[in-house]
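Colleague: So the protein lines, in turn, are chains B and H.
Under this note's numbering, the final residue of the first sequence carries the number 614; numbering is consecutive throughout.
Under this note's numbering, the final residue of the second sequence carries the number 614; numbering is consecutive throughout.
To be clear, the hints were calculated from the coordinates, so they are not data collected in a lab.
Bear in mind the structure is a predicted one, so any value in this text is a computation, not a measurement.
Watch out, some of these pointers could steer you wrong.
Heads up, the list lumps identical chains together, so a pair's fine if it works in one copy or across two of them.
As a list, the in silico EDC-like pairs of lysine to aspartate or glutamate whose alpha-carbon atoms are at most 20 angstroms apart [claimed, not checked]:
1) Lys182 / Glu311
2) Lys182 / Glu325
3) Lys471 / Glu416
4) Lys441 / Asp222
5) Lys296 / Glu454
6) Lys230 / Asp240
7) Lys509 / Asp278
8) Lys570 / Asp377
9) Lys195 / Asp565
10) Lys192 / Asp565
11) Lys172 / Glu260
12) Lys537 / Glu257
13) Lys505 / Asp278
14) Lys510 / Asp278
15) Lys510 / Asp546
16) Lys210 / Asp240
17) Lys293 / Glu395
18) Lys231 / Glu320
19) Lys202 / Asp234
There are 2 protein chains.
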Amino acid sequence: MKNIKEILNPFFYPKNVAIIGASTKPFKFGNWFLKALIGFGYKGDIYPINPHGIDIYGLKSFKKLNDIPEPVDLVYITVPASKTLDSFIECVEEGIKAVIILTAGFKETGDPNFIEVENELSRLAKESKTRIIGPNCFGVYCPEGGLTLLPGENFSKETGNVALLSQSGGVAVEFTRLAHTYGMNFSKVISYGNACDISAADLINYLADDPQTKIIAGYFEGMKNGGEFLKSIKNMRKPLILWKGGLTEAGSRASFSHTGYLASKPGIWDGIFKQFPNIIKADSLQEMFDTLIAMMKLPPPSGKNLAVVGGGGAIGVALSDMANRMNLNVPKLRPSVKSEVKKNLPFDGSVAANPVDLGNPVYRTTTAFKNILHILINDPTINIIVNDQISSHIEKSDFRSLKRILKKIRQELNFPIVVVLRQVSKKKDELDMEEKHRDARDSYLSY
Amino acid sequence: MKNIKEILNPFFYPKNVAIIGASTKPFKFGNWFLKALIGFGYKGDIYPINPHGIDIYGLKSFKKLNDIPEPVDLVYITVPASKTLDSFIECVEEGIKAVIILTAGFKETGDPNFIEVENELSRLAKESKTRIIGPNCFGVYCPEGGLTLLPGENFSKETGNVALLSQSGGVAVEFTRLAHTYGMNFSKVISYGNACDISAADLINYLADDPQTKIIAGYFEGMKNGGEFLKSIKNMRKPLILWKGGLTEAGSRASFSHTGYLASKPGIWDGIFKQFPNIIKADSLQEMFDTLIAMMKLPPPSGKNLAVVGGGGAIGVALSDMANRMNLNVPKLRPSVKSEVKKNLPFDGSVAANPVDLGNPVYRTTTAFKNILHILINDPTINIIVNDQISSHIEKSDFRSLKRILKKIRQELNFPIVVVLRQVSKKKDELDMEEKHRDARDSYLSY
Numbered sequence: 168m169k170n171i172k173e174i175l176n177p178f179f180y181p182k183n184v185a186i187i188g189a190s191t192k193p194f195k196f197g198n199w200f201l202k203a204l205i206g207f208g209y210k211g212d213i214y215p216i217n218p219h220g221i222d223i224y225g226l227k228s229f230k231k232l233n234d235i236p237e238p239v240d241l242v243y244i245t246v247p248a249s250k251t252l253d254s255f256i257e258c259v260e261e262g263i264k265a266v267i268i269l270t271a272g273f274k275e276t277g278d279p280n281f282i283e284v285e286n287e288l289s290r291l292a293k294e295s296k297t298r299i300i301g302p303n304c305f306g307v308y309c310p311e312g313g314l315t316l317l318p319g320e321n322f323s324k325e326t327g328n329v330a331l332l333s334q335s336g337g338v339a340v341e342f343t344r345l346a347h348t349y350g351m352n353f354s355k356v357i358s359y360g361n362a363c364d365i366s367a368a369d370l371i372n373y374l375a376d377d378p379q380t381k382i383i384a385g386y387f388e389g390m391k392n393g394g395e396f397l398k399s400i401k402n403m404r405k406p407l408i409l410w411k412g413g414l415t416e417a418g419s420r421a422s423f424s425h426t427g428y429l430a431s432k433p434g435i436w437d438g439i440f441k442q443f444p445n446i447i448k449a450d451s452l453q454e455m456f457d458t459l460i461a462m463m464k465l466p467p468p469s470g471k472n473l474a475v476v477g478g479g480g481a482i483g484v485a486l487s488d489m490a491n492r493m494n495l496n497v498p499k500l501r502p503s504v505k506s507e508v509k510k511n512l513p514f515d516g517s518v519a520a521n522p523v524d525l526g527n528p529v530y531r532t533t534t535a536f537k538n539i540l541h542i543l544i545n546d547p548t549i550n551i552i553v554n555d556q557i558s559s560h561i562e563k564s565d566f567r568s569l570k571r572i573l574k575k576i577r578q579e580l581n582f583p584i585v586v587v588l589r590q591v592s593k594k595k596d597e598l599d600m601e602e603k604h605r606d607a608r609d610s611y612l613s614y
Numbered sequence: 168m169k170n171i172k173e174i175l176n177p178f179f180y181p182k183n184v185a186i187i188g189a190s191t192k193p194f195k196f197g198n199w200f201l202k203a204l205i206g207f208g209y210k211g212d213i214y215p216i217n218p219h220g221i222d223i224y225g226l227k228s229f230k231k232l233n234d235i236p237e238p239v240d241l242v243y244i245t246v247p248a249s250k251t252l253d254s255f256i257e258c259v260e261e262g263i264k265a266v267i268i269l270t271a272g273f274k275e276t277g278d279p280n281f282i283e284v285e286n287e288l289s290r291l292a293k294e295s296k297t298r299i300i301g302p303n304c305f306g307v308y309c310p311e312g313g314l315t316l317l318p319g320e321n322f323s324k325e326t327g328n329v330a331l332l333s334q335s336g337g338v339a340v341e342f343t344r345l346a347h348t349y350g351m352n353f354s355k356v357i358s359y360g361n362a363c364d365i366s367a368a369d370l371i372n373y374l375a376d377d378p379q380t381k382i383i384a385g386y387f388e389g390m391k392n393g394g395e396f397l398k399s400i401k402n403m404r405k406p407l408i409l410w411k412g413g414l415t416e417a418g419s420r421a422s423f424s425h426t427g428y429l430a431s432k433p434g435i436w437d438g439i440f441k442q443f444p445n446i447i448k449a450d451s452l453q454e455m456f457d458t459l460i461a462m463m464k465l466p467p468p469s470g471k472n473l474a475v476v477g478g479g480g481a482i483g484v485a486l487s488d489m490a491n492r493m494n495l496n497v498p499k500l501r502p503s504v505k506s507e508v509k510k511n512l513p514f515d516g517s518v519a520a521n522p523v524d525l526g527n528p529v530y531r532t533t534t535a536f537k538n539i540l541h542i543l544i545n546d547p548t549i550n551i552i553v554n555d556q557i558s559s560h561i562e563k564s565d566f567r568s569l570k571r572i573l574k575k576i577r578q579e580l581n582f583p584i585v586v587v588l589r590q591v592s593k594k595k596d597e598l599d600m601e602e603k604h605r606d607a608r609d610s611y612l613s614y
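Chain B on its own, in the form it takes in the complex (with noise of 0.2 angstroms):
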C-alpha cells in the first residue's frame, strides 16, 4: 500500500487538473470554481469536461476524461449527486489517483437511497487507486502547489506554517480570507466535508510529516473511525487548535444535515482535549484564529499567571474577569515589585496593583510605560502581561515609542506581551461594506 504522501501528493501537487461538470453559466459551481482556478493562476493544463464539450474561458472542453490526450493527476467532480457515481467511475476506469468530489447531497441528506451511494463511492476508493477527497467539500488550496480549488482567486501566492483542515468549505473559505486579512499564510487548506474515502486522521498524518506545516488549525464535525483519529493526533508533535463544531444537542443535529455525522458526545471531547496537551480548544471561528495568532506569534508563556496593565479602570476589571474565567490567575503584586511600579506611576487616578492602572492616555509618559514592563517581566511570578487601552486616545507619536519598546523587549527578553489595541471609533464613511449591512438592517428596523 502506498503511503500517505504518495496518496495525498497529487490533491496538492497536480501537474494538471480536469473539472467534471465545469460550466459556462456564472453561478454555477462548476463555474466557480474553474474562474478561480485560472484567475489564482494555475500553471498546469486545465481540462474542462462537460457533455456539449463547450469551451469555457477560452479552455479547450472535453465530452469524457477519455478524450484528454494526456494522464490526468487531478479531477475535481462538480456534477449533480445522481451523476456523481458515474463520473467517479470513469476517473477509476482511467487509472486517475486523486478526485475530488465537491457535489452534496449524500449521507447528509438522510435518504437511503443517497446514503448508498456514498457508501458505494467509498468501496470503490477502497478497492481501486482512486482516492477521494470529499464529498460535500470545496477541496484544497494549496500555494505551493500554484493551486485552488476553493473559490478564492485572490488567495495569497505565499506559503506559510499554518495549515487549515476543515470539514466545513465555508469555514475554509472564510477563515483563509480573514487570516489574510492579518498578513498569515498556509501550508495547505483542505475542505474534506463528509470524508468518504480520505479521513481527517490521513489529513492528520499527512500534514505530520509535511515539512511547511507548523502548526495545524482544525474545525471537526463528525467522523466514522474515532479511533485512527486518536492514533493519529497520538503521533503528531505539532498543535492542532481544533473547533468542535455539533458539541451540544442541537449542533449535533445540525453536523448531521450538514456532513452527515452525529457529532460524538461533549464528555468524549472533553477527554480528548484534557488528554492530548497538543490539541487546544476554541469555540468559534474568531476564537480559532485568535489562538493561531497567539501560538504562531508569541513565545510561549512560562506559566499561568497575568499582569494586567491599563488605561482605564474598569478595562483592568474586564480582563480579570475574563482572565479567571479561562482559569488564568492575575496576582497580586508583591510588595517590593508594587512599590518599584509606584515610583513610576506620576499621575493622580493611576494605581499600583494587579491590575495596574496606568491611567489615560497611557503612552504619555513612554518611560514610565516601558519602566513597568521591565518591572513586571523581572518579576518572575508572573508569566504574561496583558496591555489594554482605548486606542482612539493614542497618537501617532504615541504608536512610533509603543513600538520601539515592544520591539526592544522582544529582542532582548522575547516575553509574551499581549498589546490589544481596540479600536472604538469607526468613521461612518470608513466601512463600505458596513455601510451595506447597515442600510439593510435600517430598511428593517426603521420602517
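Given chain B, put chain H in place with the hints provided.
Modeller: Same frame as chain B, but now just chain H:
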C-alpha cells in the same frame, strides 16, 4: 427633602457650569473636559476657575467661585485629590446644588487618609444642599441639556431613548462612541465613579421617571447600600441591561482598586438576575451593546424557539451550538413545515431542516428566501428567525432584495428576525486605525 428629580436636574440641564481646576495645558483633565464642553457647543456660560485666573479658550477665568457674578448651577471639580475637599467646601459655602468630582485617588487607593477625605465629602453632601456625582468619574452627557462633561465634543446632539449608567468613565465614553457609530442616541449618559453621595439607586430612581429614557444600560462594579439598589430596581418599570464587573475573584480585587468597592459575591448577583426579569445580564461591553440593539430594534419574541436559516452548513452548526449554550432551542421542523420548506429549496446541497441550509449564495433566489421566511413565521412553534450568511458573497442587488423582503415582513408581520451580515474580507487599505495597529504589532512580532 427634595425629590430625586429636583436634585438631579441641575446636573443634566444646568444653565451654566464652573470648572474648578480648568487648565491651559492640553494634556490635563481640566483642559480636556473644558475643551469637550466648548466643542460640543454648550450654550450656557462656562466659568473656568484656577488660582492664577488665566483666561482659557477665550473664556474669562476666575480665582474663586465667589468671584463669579451670577449663581452657578453645576460645578465640575478637577483639582488634585489633596485639594478636592477645599474646593468642595467652597461649593457648599456658595450654596451650589450640583457638583461633579472628576478627581480620583480616594477610597480606591486603600489609603486611610484619602478614605477619610471621601467620607468627609460624603458627610458634607448629606448635611448640605450640595450634592455630588463622583468622585473618580467623568460626569454626565445629556444632549437635551446641551452638554457633555464626558470627553466627547463630537458626541451626537440628538436625544435618544437609551440611558447609560456607568461606574466607569472609560466604559461610558467607549460605549457612547460605539453606539453613535451605529446611529444610536442617548437620553443621558452618567459616569458616577465612587458614588460617595448620589448612588446608582438614586440615578435609577431618576431614570425610572425620566420621560426620555425607555431603556437603561448599566456597568456596575460595587455599591455601599445593596438594599437601596434592590428597592430602586424593584420599583423600576424599564429594562436594565446590566454588565456587572468584578464577578470573579480577580475581577473583584481589580474593582476595589478602581472604584473602592469589593464587588459582591457572584451568587448574590445570580439571584438578582433571576429575581428581576427586567434586568438582563451582559458579560462584556460588546454584549451589553448587542443586547441593547436587539431590545431597541426587535419586537419581543414569544418564546425561546429559534429557526436558523443559513448559507452554509457550518454556520448552522455554530449557531445551533451557540443557541443551545444560551438556553435557546433549535427545534426540529414539524413534517408539514419541513415539506413546505423543501418545496422552496431548488438547489443541490440545500437542506430542509432546522437549520435550513439555503445553499450559497443564499439571496440568489429571492422568492425562495421570502417564501421560507413566511413558512417559518407562520409556524407557531418558531419564535425567532436567525439568518446568517457569508456576506462577502452578497451582491448589491442581493442587498436590495433582502431590504425589500425584510421591510415588508416588518411592516406586515413584525416578527423578530435577526440577520447576521458578516464582513469576512476587509481591504488592507480600508482601515487607517487598523493599519496603525498592525504596524505596531508587526514591529513586535517580526523583528
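Colleague: Determine for every hint whether it applies to the structure shown.
Modeller: Hints versus structure:
1. Lys182 / Glu311: Within one copy only: 12 angstroms inside a chain, 70 angstroms across chains, cut-off 20 angstroms.
2. Lys182 / Glu325: Answer is within: at 19 angstroms inside a copy they meet the 20 angstroms cutoff, but 63 angstroms across does not.
3. Lys471 / Glu416: between (32 angstroms within a copy, 15 angstroms between copies)
4. Lys441 / Asp222: Result: close neither inside a copy nor across copies, 54 angstroms intra and 66 angstroms inter.
5. Lys296 / Glu454: Neither: 39 angstroms inside a copy, 53 angstroms across copies.
6. Lys230 / Asp240: For Lys230 and Asp240, the Cα distance is within 20 angstroms only inside one copy (18 angstroms; across copies 87 angstroms).
7. Lys509 / Asp278: Between copies, since 14 angstroms is at most 20 angstroms while 69 angstroms is not.
8. Lys570 / Asp377: Neither, since 35 angstroms and 47 angstroms both go past 20 angstroms.
9. Lys195 / Asp565: For Lys195 and Asp565, only the inter-copy Cα distance (17 angstroms) is at most 20 angstroms; the intra-copy one is 51 angstroms.
10. Lys192 / Asp565: The answer is between: 18 angstroms across copies meets 20 angstroms, while 53 angstroms in one copy does not.
11. Lys172 / Glu260: neither (23 angstroms within a copy, 86 angstroms between copies)
12. Lys537 / Glu257: neither (67 angstroms within a copy, 40 angstroms between copies)
13. Lys505 / Asp278: between (67 angstroms within a copy, 15 angstroms between copies)
14. Lys510 / Asp278: The answer is between: 16 angstroms across copies meets 20 angstroms, while 72 angstroms in one copy does not.
15. Lys510 / Asp546: within (16 angstroms within a copy, 66 angstroms between copies)
16. Lys210 / Asp240: Classified as within; 14 angstroms inside a copy, 76 angstroms across copies.
17. Lys293 / Glu395: Within one copy only: 16 angstroms inside a chain, 73 angstroms across chains, cut-off 20 angstroms.
18. Lys231 / Glu320: Neither. Shortest intra-copy (26 angstroms) and inter-copy (70 angstroms) distances fail the 20 angstroms Cα cut-off.
19. Lys202 / Asp234: neither (22 angstroms within a copy, 78 angstroms between copies)
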